[in-house]
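J.: Chain by chain, the residues run as shown.
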Amino acid sequence: MDISLDLIYVPSEDVVARIIEDELIIVPLVAGIGDSDDELYTMNETGKAIWTRLDGKKTLGNIATELVDEFDTVPKVIEHDVLGLIGELVRRKMVVAK
Amino acid sequence: MPYVKKLKPKEFTIWKGKDPLLSHIDIELTERCNNNCIHCCINQPANDKYSLNREMDTEFIKGILTEAAILGCLTVRFTGGEPLLRHDFSQLYLFARRLGLHVILFTNARLITEKIALLFEQYPPGHVVEVSVYGMSRKSYERVAQHNGAYSEFLSGVDMLLRHQVPFIVKGLKLPFLNEEQLAFETFAKSIPAMDSIPSCSMNFDLRSRRDDPAKNASIMKLRSTPEETVAHLTSNPFYLKEMAQFCSRFIGLAGDKLFSCGAGHGACIDAYGNAQLCLPMRSSETVVNLKEVSLKKAITESFPAMRELKATNPDYLRKCAICFLKGLCEQCPAKSWMEYGTLDTPVDYLCDVAHAQARFLGLLYVGEKAWEVEDWKERVERFVDAQGLNYNPPN
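Quick mapping for you: the protein sequence lines, in order, are chains Z and L. For what it's worth, the numbering used here labels the leading residue of the first sequence as 1, then goes sequentially. For what it's worth, the numbering used here labels the leading residue of the second sequence as 1, then goes sequentially.
Possibly wrong hints are sitting among the right ones.
DSS-like, lysine-lysine: derived pairs with alpha carbons at most 25 Å apart [as the list claims (entries may be wrong)]: (1) Z:Lys48 to L:Lys6; (2) Z:Lys93 to L:Lys5; (3) L:Lys5 to Z:Lys48.
To be clear, the hints were calculated from the coordinates, so they are not data collected in a lab.
The task is simple: from the sequences and hints, build the whole structure.
T.: This is the structure we're talking about:
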């Protein structure tokens, strides 16, 4: 499925997201998320800002709009980041479309 | 540019120099065990009502796990006794995993059923399961475990793990009657996919950590490898010299009078009854905090740091251990002292002898010398680590 800004994505139930010392850590819960079962994942600041907005209500477009205001950046850059991150998370089975 | 960074736990340095309040926690789910191993320092009978009635209940353990996760904990070790004896094991396991904790399980594998193996297959622990092996034949295994039928159940459990591709490693023990099975054990270990090194073997067995069974203590003492046997076993590892040089280059040095120079109290260990301890065998009342009265956070931020400042007062300890440079090489510690003598600062002669035997092998001591009497110890350590191409960086 193509990822577009009018879709809503939520964190997969197959991962656990934790905030430890201000860092977002994604812990795979089921087999097959990473290359091995002991891996953890963290995200850069952009990734964290997007992930924490995946609340099941906001579309990716809504999230991009919020981030444009927050980071004072042009929409095209933010939209690129949102779609890029979600694409990566979909590949890693860490988010699913609602 | 990737937005997501993959990390192995050992590469996990997200705190940028800051330590988390709690990085790992050990929880002894029960002292009960379905084995009755001849060398065991803790086991109670599997159906022991007195132990069972005092054990933490499910909700209490969940509360500890939740608090640990809030404090930044990434790994919980479930140990025992045999943790799988608990009827709520699966529930606790999944609860921990859903908190985002990796689980280390210490088990004898006898209770690994199809259901448990499937659980681990579907929700991998995030760490290899650690299986204790007590022999490579029914006769020897059951001579150690003192339970008829234990060996076939162990084999069945191991088979379940293999069939469900649950990564596990094995650990053995050194006993005279197991010597002839050592090769078979090592061959078995090599056949296990997750084993990437020679299996570890217990041989300097601890005495009863509850100090509850003098008769068993006497028999455990007889099972211990002698210092010479210990050295012979350790040095059969082709990497022993290199590994010891690496270890000595960082850790060997004078012990001083501070009792806790180890990692005790940097994580937390919870006994089967809800007491937080500096380390698992450290059960002296001076170093235990009841989590029914004190929060885990308070235990690790207030109680443990105060305990870690305890100093030795035993004149024998101050005359020998405090000025001995074999700290690190020697396993002397408050927990071992507690198990042997019921105090925190009594030199454990057996461990002292083992450390001296190792030091002689490494060229750090000459025959007849006592390490606390050696004045040029720094030069000796430097010579040893230098011969292995390393530099000596003594601990502070």
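J.: Can the restraint linking Lys5 (chain L) and Lys48 (chain Z) be considered satisfied, given a maximum Cα separation of 25 Å?
T.: Holds. Lys5 (chain L) to Lys48 (chain Z) sits at ~12 Å (cutoff 25 Å).
J.: Verify the proposed pairing of Lys93 (chain Z) with Lys5 (chain L), using a straight-line Cα cut of 25 Å.
T.: holds (15 Å)
J.: Measure nothing beyond the straight line between the CA atoms of Lys48 (chain Z) and Lys6 (chain L); if it is 25 Å or shorter, mark the hint as holding.
T.: holds (14 Å)
Comparing the model with each numbered hint stated earlier shows that all of them hold.
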